[in-house]
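**Student:** If you read the sequences in order, they're chains A and B.
Quick note: the first sequence uses the working numbering, first residue 164, plus one each step.
Quick note: the second sequence uses the working numbering, first residue 2, plus one each step.
In short, the hints are calculated from the structure, not lab data.
Every residue gets a Cβ at the ideal spot worked out from N, C-alpha and C, and that includes glycine.
Hints may be right or wrong, so weigh each one.
Sample of chain B residues with no beta-carbon within 12 Å of chain A, all distances over it, derived [claimed, not checked]:
(1) S23
(2) K85
(3) R105
(4) Q109
(5) A112
(6) E152
(7) T213
(8) S299
(9) Q308
(10) A315
(11) D329
(12) Y330
(13) E336
(14) R344
(15) D350
Which stretches of chain A does chain B cover? Using the computed rule of at least three CB atoms under 8 Å from a CB of chain B, they are [claimed, not checked]:
(16) 271-284
(17) 457-469
Lysine-lysine pairs mimicking DSBU-like chemistry, simulated, CA-CA at most 35 Å apart [claimed, not checked]:
(18) K405(A) <-> K66(B)
(19) K367(A) <-> K267(B)
(20) K207(B) <-> K432(A)
(21) K356(B) <-> K345(A)
(22) K94(B) <-> K356(B)
(23) K180(B) <-> K282(A)
(24) K399(A) <-> K445(A)
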Amino acid sequence: MAKSPESEHPIKAYGYAARDTSGLLSPLTFSRRATGDKDVRFKVLYCGICHSDLHFVKNEWGFTTYPVIPGHEMVGVVTEVGNKVEKFKVGDKVGVGCLVGSCRSCQSCANDLENYCPKQILTYGFPYHDGTRTYGGYSDHMVADEHFVLSWPENLPLDSGAPLLCAGITTYSPLRHFGLDKPGMKVGVVGLGGLGHAAVKFAKAFGAEVTVFSTTPAKKQEALEGLKADHFIVSKDPEQMKSAASSLDGIIDTVSATHPIAPLISVLKPDGKLVLVGAPEKPLELAAFSLIAGRKIIAGSAIGGLKETQEMLDFAAKHGVTADIELIPIDYVNTAMERILKSDVRYRFVIDVANSLKAP
Amino acid sequence: MGSSPETEHPVKALGYAARDSSGVLSPINFSRRETGNEDVRFKVLYCGVCHTDLHSIKNDWLNAKYPMIPGHEIVGVVTEVGSKVKKVKVGDKVGVGCMVGSCRSCDQCDADQEQYCSKMVATYNSHAVVTYGGYSDHMVCNEHFIISWPEDLPLDGGAPLLCAGITVYSPMRYYGLDKPGMHVGVVGLGGLGHVGVMFLKAFGVKVTVISTNPNKKEEAVSKLGADSFLVSRDQPQIQAAVGTMDGIIDTVSADHPLTPLIRLLKPNGKLILVGAPTTPHDLPAFPLLYGRKLVGGSLIGGIKETQEMIDFAAKHKITAAIEFIPVDYINTAMERLQKSNVRYRFVIDIANTLKSD
Chain A
164 MAKSPESEHP IKAYGYAARD TSGLLSPLTF SRRATGDKDV RFKVLYCGIC HSDLHFVKNE
224 WGFTTYPVIP GHEMVGVVTE VGNKVEKFKV GDKVGVGCLV GSCRSCQSCA NDLENYCPKQ
284 ILTYGFPYHD GTRTYGGYSD HMVADEHFVL SWPENLPLDS GAPLLCAGIT TYSPLRHFGL
344 DKPGMKVGVV GLGGLGHAAV KFAKAFGAEV TVFSTTPAKK QEALEGLKAD HFIVSKDPEQ
404 MKSAASSLDG IIDTVSATHP IAPLISVLKP DGKLVLVGAP EKPLELAAFS LIAGRKIIAG
464 SAIGGLKETQ EMLDFAAKHG VTADIELIPI DYVNTAMERI LKSDVRYRFV IDVANSLKAP
Chain B
2 MGSSPETEHP VKALGYAARD SSGVLSPINF SRRETGNEDV RFKVLYCGVC HTDLHSIKND
62 WLNAKYPMIP GHEIVGVVTE VGSKVKKVKV GDKVGVGCMV GSCRSCDQCD ADQEQYCSKM
122 VATYNSHAVV TYGGYSDHMV CNEHFIISWP EDLPLDGGAP LLCAGITVYS PMRYYGLDKP
182 GMHVGVVGLG GLGHVGVMFL KAFGVKVTVI STNPNKKEEA VSKLGADSFL VSRDQPQIQA
242 AVGTMDGIID TVSADHPLTP LIRLLKPNGK LILVGAPTTP HDLPAFPLLY GRKLVGGSLI
302 GGIKETQEMI DFAAKHKITA AIEFIPVDYI NTAMERLQKS NVRYRFVIDI ANTLKSD
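Input sequences plus hints: build the corresponding full structure.
**Tutor:** Spelled out as structure tokens, the structure:
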């Protein structure tokens, strides 16, 4: 007989789970494994809400098994470590992002790119090495293999730093990898949501001149004054787009709704790079000649490896990069999800788990 | 009164031109400028027939100006040089490829990437100024855009390198697909594809040719030295090769799906488009994200790297597989090219067959 979430592991846990495709979250008593030799166990203090959480609880990607406890931007304080753990001790502040496992032996893993390992294990909703499904950070505590636990820098706030574990690394990684991190470079950011606002902050911290592209003219003031972007362009305005033709070294495109990429390719300089970090479901329309005529590229990028996630957190601490957040109690989470659907948040909800998730 | 091609310049010239979008080529008397201080004038010996010539004469890209004298894989021997010319002298063998001018002062020109200059002048059918290509008795060209021809590189088999060669060589270098031990796919086995295989083998790269035509396997492997061959419409063959390639050079200009090609790439793999279909591709985002893969484009190459490529080809004995033709065969050649019926480039024996009446 299959074990229930409550009985499959020895340590009791509680969280908020979605039980069906409505995506509505409600309290769930479940269980987590005992702390293994290489495991780090921690009390969850805060957990960011990522738009992926919303896609997942509604089974929009087709591989959700219920009940699912989302959350892959979690921070907390260590309560127990396995006897082979070297990096952490009880009382340390830590974080866990989107991955809790990988094969640790393929070329990608060997290159510290666990995010491209074909056997990567996602933090929630995924089969773990022991065959049981993983549960995410909308929960009282977490246990994870040391390799996938991030060390939290002393001077990085926990609540506004939590979203960096997904939104932050997702935008930091391609800015670095595609060489868009040099002072004076001209970088575009498409979309001003959780990912977009993080991209602007990191790009500015790298010394780039940043142009925000948005379909919402009303976002101009916050882009320029709030986030200190240098320019703001309404992407549906052909005149504004024309004025930016062939001007950018690179663009980080965070938008996951279907949208035309031809205008974005036209604002790249020769050798310019359009990096997709949002994942539109339907294929994009690509005119080959638009890339050929300027040796331009379109690439994708997905989160980052553990080593670079740690590097990103340390960079964020040093340069004062944190997310703009709205801190919420856990019982607000369903309303928060509805607001995310309407892009009604500046720019990430973070759940105050420790103070609002109470034992049943 | 406007001047005609025959009278606009002082030096008489003879060539083959298309007069309209039927693309049929016939003899034309025209004229070229005098040899300026920085110009090199040369007698054309041979000229390769590029598929772009076919697209252009038929106005496939809606930018044709007639009469059009195509040809941008031109080799010949210098007959006159301007007073400031240092690169070559009378009697030297030279080549001219796809460009005869650029602004020489923008970031792209400074980086020796003249092909991306917004004011680049194409060897024929250029926009801002009228230019005539290599299906003609002689050429005059600014020294900067002249390629010095290595002694030991055959002129006839080498001519197609001036477009086909540089078009595949440049992205192999720029995108780093030239390291020994890498595995790179080549899609399409025509003028570009066959030269692509040869350059990759010279780099020490393992090559898989990807084609819709199973009949090309024998020559891909036995004649061109490809390590393997896969039929792109064969699902099991594609499945077996998923995630195995560092890069793919896609030379195909007919419509074809990109998704199976993206799947063939390893993480961080690169799909490079050098052929340009007229209808847009469908590009799925997920396969790019999950693997940090990229699709990039590339257009010919700069003059400096064209010279580098020609010298490399001479050193490694790389020449195109050609069918040598008299100029009056050109219309038949174009029909055959339309049907991909050539192994793998026609080269026109200009010097021996382009005669004035």
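**Student:** State for each hint whether it applies.
**Tutor:** Structure-based check of all given hints:
{"no.": "1", "hint": "S23", "in the structure": "24 Å, holds"}
{"no.": "2", "hint": "K85", "in the structure": "29 Å, holds"}
{"no.": "3", "hint": "R105", "in the structure": "16 Å, holds"}
{"no.": "4", "hint": "Q109", "in the structure": "6 Å, violated"}
{"no.": "5", "hint": "A112", "in the structure": "9 Å, violated"}
{"no.": "6", "hint": "E152", "in the structure": "32 Å, holds"}
{"no.": "7", "hint": "T213", "in the structure": "18 Å, holds"}
{"no.": "8", "hint": "S299", "in the structure": "5 Å, violated"}
{"no.": "9", "hint": "Q308", "in the structure": "19 Å, holds"}
{"no.": "10", "hint": "A315", "in the structure": "26 Å, holds"}
{"no.": "11", "hint": "D329", "in the structure": "33 Å, holds"}
{"no.": "12", "hint": "Y330", "in the structure": "30 Å, holds"}
{"no.": "13", "hint": "E336", "in the structure": "25 Å, holds"}
{"no.": "14", "hint": "R344", "in the structure": "26 Å, holds"}
{"no.": "15", "hint": "D350", "in the structure": "31 Å, holds"}
{"no.": "16", "hint": "271-284", "in the structure": "holds (count 4)"}
{"no.": "17", "hint": "457-469", "in the structure": "holds (count 9)"}
{"no.": "18", "hint": "K405(A) <-> K66(B)", "in the structure": "27 Å, holds"}
{"no.": "19", "hint": "K367(A) <-> K267(B)", "in the structure": "32 Å, holds"}
{"no.": "20", "hint": "K207(B) <-> K432(A)", "in the structure": "33 Å, holds"}
{"no.": "21", "hint": "K356(B) <-> K345(A)", "in the structure": "58 Å, violated"}
{"no.": "22", "hint": "K94(B) <-> K356(B)", "in the structure": "21 Å, holds"}
{"no.": "23", "hint": "K180(B) <-> K282(A)", "in the structure": "28 Å, holds"}
{"no.": "24", "hint": "K399(A) <-> K445(A)", "in the structure": "20 Å, holds"}
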